[in-house]
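**Student:** Listed below are the residues making up each chain.
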Amino acid sequence: DAKTTQPNSMESNEEEPVHLPCNHSTISGTDYIHWYRQLPSQGPEYVIHGLTSNVNNRMASLAIAEDRKSSTLILHRATLRDAAVYYCILRDFISNFGNEKLTFGTGTRLTIIP
Amino acid sequence: DGGITQSPKYLFRKEGQNVTLSCEQNLNHDAMYWYRQDPGQGLRLIYYSQIVNDFQKGDIAEGYSVSREKKESFPLTVTSAQKNPTAFYLCASTLGLAERPHEQFFGPGTRLTVL
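Sequences listed follow chains G and U, in order.
FYI, in the working numbering the residues of the first sequence are 1110 to 1223.
FYI, in the working numbering the residues of the second sequence are 5 to 119.
Quick caveat, the hints were computed from the structure, so don't treat them as lab data.
Misleading hints may appear alongside valid ones.
To be verified - One-sided excerpt, in silico: chain U residues whose CB lies under 8 Å from chain G:
1) Asp42
2) Pro43
3) Gly46
4) Ala85
5) Asn88
6) Thr90
7) Leu94
8) His106
9) Phe110
10) Pro112
11) Leu119
The structure presented is a predicted model; accordingly, all values stated were derived computationally and were not measured.
Note that the Cβ used here is the ideal one computed from N, Cα and C, for glycine as well.
Required output: the full structure, derived from the provided sequences and hints.
**Tutor:** Structure, rendered in structure tokens:
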């Protein structure tokens, strides 16, 4: 799977939007972009995924650049419960058939300021 | 409620002892995974299983063993051959190959400390 680059840490004020960036300049045409988050001392949880078009769900929005070399996870109104490590992961669903492993980097540690 | 359970939450063992970590899921998922996480690091894959009675090594399988005798259970044994076993261990599961699922479901983790 292609590699992703994320800032080590970010801070945001409570009740404000948060934009978490991810660079993936070597992304292939069959790579899906996934985001997971991990709260302290818990297992990761799925947030959202996309391929080319922007995506929205109840947790967040995913904005994907037109050239797909970068993406941004958007939390529309951050709460204290959103403080976590956020992981941006690429998964090739074609060439990796039979191996659904996720390759986690170190992610972005998001701190929410009350 | 459907989900993944891991037990125990905290585990202590002496050097030279084998220890088995439990992972059970009632989601009817075919595929199950074991990851290891060290402080401040991402997750690394130890073993995975796509179907009962079959499993594959991940990136860091040395010193670990698994079994998959039942669909809902995927226990991980940390053997004495694992040189640095102190870590946070996470179990995950997904639907099977045919569904090509995007979401992996994770358990709450077991924190293993070797004394």
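**Student:** Any CB of chain G closer than 8 Å to the CB of Asp42 of chain U?
**Tutor:** For Asp42 of chain U, the interface hint is violated, since the closest Cβ of chain G sits about 11 Å away, which is over 8 Å.
**Student:** Verify the interface restraint on Ala85 of chain U: the C-beta must sit less than 8 Å from at least one C-beta of chain G.
**Tutor:** 23 Å, violated
**Student:** Would the hint on Gly46 of chain U stand, with a C-beta cut-off of 8 Å toward chain G?
**Tutor:** Where the cut-off is 8 Å and the nearest Cβ of chain G is about 4 Å from Gly46 of chain U, the hint holds.
**Student:** Holds or violated: the hint that Thr90 of chain U contacts chain G, with Cβ atoms closer than 8 Å.
**Tutor:** 15 Å, violated
**Student:** Would the hint on His106 of chain U stand, with a C-beta cut-off of 8 Å toward chain G?
**Tutor:** At 5 Å from the nearest chain G Cβ, His106 of chain U passes the 8 Å test, so the hint holds.
**Student:** Hint Leu119 of chain U vs chain G: min CB-CB distance below 8 Å?
**Tutor:** 20 Å, violated
**Student:** Would you check whether Phe110 of chain U satisfies its interface hint, that is, whether its CB is within less than 8 Å of any CB in chain G?
**Tutor:** 3 Å, holds
**Student:** Return the status of the interface hint for Asn88 of chain U: holds when the least beta-carbon distance to chain G is below 8 Å, violated otherwise.
**Tutor:** 19 Å, violated
**Student:** Does the nearest C-beta of chain G fall within a distance shorter than 8 Å of the C-beta of Pro112 of chain U?
**Tutor:** Interface hint status for Pro112 of chain U: holds (6 Å vs cutoff 8 Å).
**Student:** Return the status of the interface hint for Pro43 of chain U: holds when the least beta-carbon distance to chain G is below 8 Å, violated otherwise.
**Tutor:** This interface hint is violated because 11 Å lies over the 8 Å limit.
**Student:** Does the interface hint hold: is Leu94 of chain U within less than 8 Å of chain G, judged Cβ to Cβ?
**Tutor:** Since chain G brings a Cβ to about 5 Å from Leu94 of chain U, closer than 8 Å, the hint holds.
Hints 1, 2, 4, 5, 6 and 11, counting from the list given before, are not met by this structure.
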